Amino acid sequence: GAVVSQHPSRVICKSGTSVKIECRSLDFQATTMFWYRQFPKQSLMLMATSNEGSKATYEQGVEKDKFLINHASLTLSTLTVTSAHPEDSSFYICSATERGTEAFFGQGTRLTVV
Amino acid sequence: QKEVEQDPGPLSVPEGAIVSLNCTYSNSAFQYFMWYRQYSRKGPELLMYTYSSGNKEDGRFTAQVDKSSKYISLFIRDSQPSDSATYLCAMSVQGAQKLVFGQGTRLTINP
Chain D
1 GAVVSQHPSR VICKSGTSVK IECRSLDFQA TTMFWYRQFP KQSLMLMATS
51 NEGSKATYEQ GVEKDKFLIN HASLTLSTLT VTSAHPEDSS FYICSATERG
101 TEAFFGQGTR LTVV
Chain R
1 QKEVEQDPGP LSVPEGAIVS LNCTYSNSAF QYFMWYRQYS RKGPELLMYT
51 YSSGNKEDGR FTAQVDKSSK YISLFIRDSQ PSDSATYLCA MSVQGAQKLV
101 FGQGTRLTIN P
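In order, the protein sequence lines correspond to chains D and R. With our numbering, letter number 104 in the first sequence gets 104, and the count goes up by one each step, no holes. With our numbering, letter number 15 in the second sequence gets 15, and the count goes up by one each step, no holes.
With the rest of the complex left out, here is chain R (with noise of 0.2 Å):
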């Protein structure tokens, strides 16, 4: 079992719909759980970055954390053409330290 299982998809919806990407995980210690978008040939750039349980909202992205279901999303709202690229989720025990990633969604958003 992976300690990260990610949905590689891929999933398509249409522009302006409400996209929710989703992790599990198995290790009760993680702490620290981000959100990164890459686009094709890219490095991963930063979207959210959540410590513990909770919730996070940042413009049209929003990060849900449930530690005791071992299970994070982002949400994504009025979704656009832009947006499209692989979602990956990471999570780490320290920070920046070893972080495991998801296998990544590819996400496409249609006009």
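Isolated chain D, as found in the complex (with noise of 0.2 Å):
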């Protein structure tokens, strides 16, 4: 299958700081990204969609001036957490679509703000 990179795997950062989060497709161009979230031993919740050149598309409930995306090319999309807070510290994980059928995931982020 493809391959999507996620880096960095885990960060720890201190409340009120920013972190960024980055997704690359390395063998396609991603049409379309999607970043999901994932408590433990829960699901996961999609948190937004960002298509290439355009604003990315927030899920009910996500705040999307503390979740900045930005997909500038066929093969990035980031994930800014802004002013990150304890209640932030989360797995992060990116998925990406080629011609808009199977997403293919990256590795994961965890997040932890302390």
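The set of hints was computed from the structure by calculation and includes no laboratory data. Treat the hints with care, since some could be wrong.
[Unchecked claim] Below, a list of computed lysine-lysine pairs in the BS3-like style, where the Cα atoms sit at most 30 Å apart: (1) R:K56 x R:K98; (2) R:K2 x D:K64; (3) D:K20 x R:K42.
Values in this document were obtained by computation on a predicted structure and should not be read as measured data.
Since each chain sits alone in its own frame, please combine them into the complex, following the hints.
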């Protein structure tokens, strides 16, 4: 299957700082990328959908000013968690699709805000 | 009621057994059905992808979709300890768009 690389795999940051997470499609051009959040022993919840060159579409209840998404190229999307707080600690996972059918996931980023 | 229901388990079976994993759903508009495998602290890995109803086989894995019953299954034959992971079902109305995931079933294959 297609390869999606996510970086970093884990990050610890201080409360009030911002953290950027990168998601790259390595062997295909991702027309659309998705960002999910997963709490322990819970399922993945879609946060937002981004298309290259367009503003991201956020799911209900997700603060767009807190979770900034940039999809500047067909192979790279970034999620920036701004002014992070302990309740933002979670597992963030991106996925990408080339043709809009199968979605391939990155390895995930475990964010801990202290 | 959740859109997608999946028994979280845990499910523990001996090596070589046939494993059956299931999900039910309520949204009759779902057309795309997937199974992902997720190891601890890793991203989900796509195992099976099915459009509409029917069966699909890939090696030791078989996916079944019964849209009339709103029920999907994943069968694993000749299960191996390396199959131990959490299995997530996911589905959507439009391909990769707005995937709705089940809670995931934690599976352990005992040597």
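Hints versus structure:
Between K56 of chain R and K98 of chain R, the direct Cα distance comes to roughly 23 Å. Compliance with the 30 Å bound is thereby established for this hinted pair. For the proposed pair K2 of chain R and K64 of chain D, the alpha carbon gap of about 25 Å is at most 30 Å, so the pair holds. Only pairs whose Cα atoms come within 30 Å are accepted, and K20 of chain D paired with K42 of chain R is accepted, the gap being roughly 19 Å.
Of the hints listed earlier, there is not a single one the structure fails to meet.
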